[in-house]
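Numbering (my numbering), first residue to last: 1 to 165.
Because the hints were derived from the structure by calculation, they are not lab data. Incorrect hints may have been included.
So the derived label-pair ranges between C-beta atoms look like this [as the list claims (entries may be wrong)]:
1. 155 to 40: 39 to 49 angstroms
2. 8 to 119: 40 to 50 angstroms
3. 8 to 150: 37 to 47 angstroms
4. 40 to 134: 30 to 40 angstroms
Computed cross-link-like contacts, PhoX-like style, restricted to lysine-lysine with a CA-CA straight-line distance of at most 20 angstroms [claimed, not checked]:
5. 93 to 124
6. 93 to 61
7. 143 to 109
8. 109 to 124
9. 15 to 61
10. 98 to 109
11. 143 to 124
12. 61 to 23
Beta carbons are placed, not taken as given, at the ideal position from N, Cα and C, and that holds for glycine.
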Amino acid sequence: MALAYVARFATSSHKLQDYLRRKLRERGWDEDEGEFPDVAAMAQRYVDLGYIDDEAYARMKSGGLMRRGYGQRRVNQALNAAGIDEETRNAVKMGEGKQRAAALVMARKRRFGPFGLEEIDRAKRERQIAAMLRAGHSYDSAKAMIDAPNITAAEAWADPAEDDL
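Based on the provided sequences and hints, a complete structural model is requested.
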């Protein structure tokens with residue numbers, strides 16, 4: 001089961017352990033009675049063989065979420081849920097330029113701020129900022145994106161610096 005799962009999905013060692021525990025429980029194994037196999041050792045074996053790389057998984061996952069418009073806080077939540085440790089999360093943290101680019105992607109996709117088709121009133125502006133906050137962006141980034149006077153200004157604000165790529 002473990003090999004088939006690792007072959008089919010990009011995963012972290014923690015997610016593999018959760019999957020194996022769930023599948024063993026579904027098949028009637030009882031974790032409390034001591035008959036449960038050592039799933040941590042199984043996952044560690046796949047890490048040692050190079051089938052699982054938590055840092056590569058974290059880079060892939062964080063990059064995908066950022067390209068979809070999610071902010072760093074939301075990326076950290078997803079990586080934490082996948083069992084990625086704090087040191088690895090900090091190692092794959094995106095720079096300020098990429099975080100701004102993610103805010104631009106979200107604003108463009110959801111038609112926030114200057115990408116909207118109509119003038120926004122105060123209540124709509126607050127809802128848009130709240131949506132960006134829920135997506136993991138900082139308040140300053142959300143406010144800057146929503147309050148941009150036009151699309152050109154928003155794109156200029158979000159343009160990543162050369163050294164941040």
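To see whether the hints hold, each was checked on the structure:
1. 155 to 40: 39 to 49 angstroms: holds (47 angstroms)
2. 8 to 119: 40 to 50 angstroms: Holds, at about 48 angstroms.
3. 8 to 150: 37 to 47 angstroms: Taking Cβ atoms as reference, residue 8 and residue 150 lie about 46 angstroms apart, which means the hint holds.
4. 40 to 134: 30 to 40 angstroms: holds (34 angstroms)
5. 93 to 124: violated (31 angstroms)
6. 93 to 61: holds (11 angstroms)
7. 143 to 109: Measuring from Cα to Cα gives roughly 17 angstroms; hence the hint holds.
8. 109 to 124: holds (16 angstroms)
9. 15 to 61: holds (13 angstroms)
10. 98 to 109: holds (16 angstroms)
11. 143 to 124: holds (13 angstroms)
12. 61 to 23: violated (24 angstroms)
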